[in-house]
Amino acid sequence: MNDSTYYNPADLAKFGKISEWQPEMGRKFFDYYGEVFKEGALSEREKALIALAVAHVVQCPYCIDAYTSDSLQKGADEAQMMEAVHVGAAIKGGATLVHATMMMNKAKELSM
Amino acid sequence: MLCSARFLFLIQFSSIPLPVSLSPTKSLHAQHHALADSSYQLDVLNPAQTAGAAFPAFAAKLRETGLLPLRPTEMTVLQVNVGKMCNQVCKHCHVDAGPDRTEIMTRETMQQCLDALAKTNIEVVDLTGGAPEMNPDFRWFVEGISALGRTTIVRCNLTIIVANKKYHDLPEFFAKHKVRVVSSLPHFAAARTDAQRGEGVFAKSMRALHMLNAVGYGVEGSGLTLDLVYNPSGAFLPGNQLSLEREFKQRLSREHGVTFNNLLAITNLPVSRFLDYLVESGNYEGYMDKLVQAYNPTAAANVMCRSTISVGWDGLLYDCDFNQMLELPVARTASQHIRDFDLESLQARAIVVNQHCYGCTAGAGSSCGGATA
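Note that the protein sequences, when read in sequence, are chains H and C.
Sequence positions in the first sequence follow this note's numbering and run 1 to 112.
Sequence positions in the second sequence follow this note's numbering and run 1 to 373.
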């Protein structure tokens, strides 16, 4: 593996090691993480698809890797996964565009 | 010949991309593929003999769990592989089955199975293949099993029911003998099923499921059981069996008007065509690592080889259908052919294990009956 890049797929498997330098916070985080992804009011598959969408929005390669595998494993298909990413993209695009109302307000304020 | 094939494999294994993909209509056997050779598959699985990464020996893992030597519990299932002939050529098939395979169990060997059954209390006979229904003596065999008062499971690929007129009445035949039908359907989305099992398989499977439903299979209160088998269409482990079952039931009923009883989630084992897929797609090491990391002692204690004996098309005995395809027969201390079936020596045997066994002990465990832990 090329060491001269910031991201290395092999590092994903080392995620748990972040606890080594701060065990207490690490343990609390991973307990919480595990609890969040358990089947609850939302199914495990729905949670995996939400995580997949968010992974794209925050553009985290580790998360995209992990939640693509997880979505497949939880029985999601390609169409569901792509729609989930579109939901993320729509919110991200919408978040940009809805701010255009500020631009419009400001422009109107400054214009004759 | 074999040596040059091995050389080719090493090139592929060092992940130089080759524009070669598995022909979808031929078995590895018919392609004279290196992985058609079971001893070569074992070479690949045992990294000491290849350039691959080393995974801990499965036997050592069992020893840690206190299960070595692996001993049988009570024998409850006789699994009979009645032949490798099949109307489909699925990409993950551990049998390397297909229309070009001619190995088929004779009526004489079936009679030896019935004789062995009569001497024991084994309740269930699990018929597999290939497409078991393509064996010309399939119905004769099922009738014989019924006459002994035992239950038959048929691992029906669904499409066989609509493949030819002579198979259209299979649902009625199954119902008459209260055969438990277990059928593969890797996904409720047509594209994911067809990617694994072949173009058009999903649509034909839906037609066959409607025919099974029509005679009462999978319908509440009918007493006729129709289970579906989910296995991943790729290099990942199956998800939670119950949650997949819920999703399958909802989608199949809503979109196709199909009902069934249980969903059995089965892990793909790195044997034959699935092994070939893993190697060719560069997923072999990653997949083996997933299996090893997910080793579950409870699943190890519940592996199906402890309560099953597997009979090959030629009557030879194996610990499971995977060992059968890897040509790893039961230990020599036991009777090795169905004609010499001896329950006592079989119950005293040590089960033969190898690296592929990690497939049955990963996560929630895997068996022909689905999850085990």
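Mixed in with the good hints there might be a few duds.
Cross-link-like lysine to any residue pairs, in silico, SDA-like; alpha carbons within 25 Å at most [claimed, not checked]: (1) C/Lys178 <-> C/Gly223; (2) C/Lys290 <-> H/Asp65; (3) C/Lys290 <-> H/Ser69; (4) H/Lys38 <-> C/Leu242; (5) H/Lys28 <-> C/Gln293; (6) C/Lys249 <-> H/Asp65; (7) H/Lys17 <-> C/His177; (8) H/Lys38 <-> C/Ala373; (9) H/Lys47 <-> H/Lys108; (10) C/Lys290 <-> H/Ala13; (11) H/Lys38 <-> C/Lys61; (12) C/Lys119 <-> C/Met75; (13) C/Lys61 <-> H/Ala10; (14) C/Lys91 <-> H/Asp65; (15) H/Lys14 <-> C/Met75; (16) H/Lys47 <-> C/Ala235; (17) C/Lys91 <-> C/Ala191; (18) H/Lys47 <-> C/Met75; (19) C/Lys249 <-> H/Glu39; (20) H/Lys47 <-> C/Ala294; (21) H/Lys47 <-> H/Phe30; (22) H/Lys38 <-> C/Met75; (23) C/Lys61 <-> H/Gly16; (24) C/Lys290 <-> H/Ala95; (25) C/Lys290 <-> H/Asp31; (26) H/Lys108 <-> H/Thr96; (27) H/Lys14 <-> C/Thr120; (28) H/Lys47 <-> C/Leu237; (29) H/Lys17 <-> H/Ala51.
In case anyone wonders, no lab produced these hints; they're calculated from the structure.
Being a predicted model, the structure only gives us computed values, none of them experimental.
Hint consistency between C/Lys249 and H/Glu39 [alpha-carbon to alpha-carbon, up to 25 Å]: 18 Å, holds
Can the restraint linking C/Lys91 and H/Asp65 be considered satisfied, given a maximum Cα separation of 25 Å? 24 Å, holds
Do the alpha carbons of H/Lys108 and H/Thr96 lie within 25 Å of each other, as the hint requires? 19 Å, holds
Between the alpha carbons of H/Lys47 and H/Phe30, is the straight-line distance 25 Å or under? Holds, because 16 Å separates the two Cα atoms, which is no more than 25 Å.
Given the hinted pair H/Lys47 and H/Lys108, is their alpha-carbon gap at most 25 Å? 43 Å, violated
Straight-line Cα separation of H/Lys47 and C/Met75 no greater than 25 Å? 41 Å, violated
Is the Cα-Cα distance between C/Lys290 and H/Ala95 25 Å or less? 38 Å, violated
Is it true that the CA of H/Lys17 sits at most 25 Å from the CA of H/Ala51? Given that 25 Å is the threshold and the Cα spacing comes to 21 Å, the pair holds.
Between C/Lys290 and H/Ala13, is the straight-line Cα distance small enough, at 25 Å or below? 11 Å, holds
Going straight from one Cα to the other, do C/Lys91 and C/Ala191 come out at no more than 25 Å? 14 Å, holds
Between the alpha carbons of H/Lys14 and C/Met75, is the straight-line distance 25 Å or under? Not satisfied, since the Cα-Cα distance of roughly 43 Å exceeds 25 Å.
C/Lys61 and H/Gly16: Cα distance at most 25 Å? 23 Å, holds
In this structure, the hints that do not hold are numbers 6, 7, 9, 11, 15, 18, 22, 24 and 27, in rising order.
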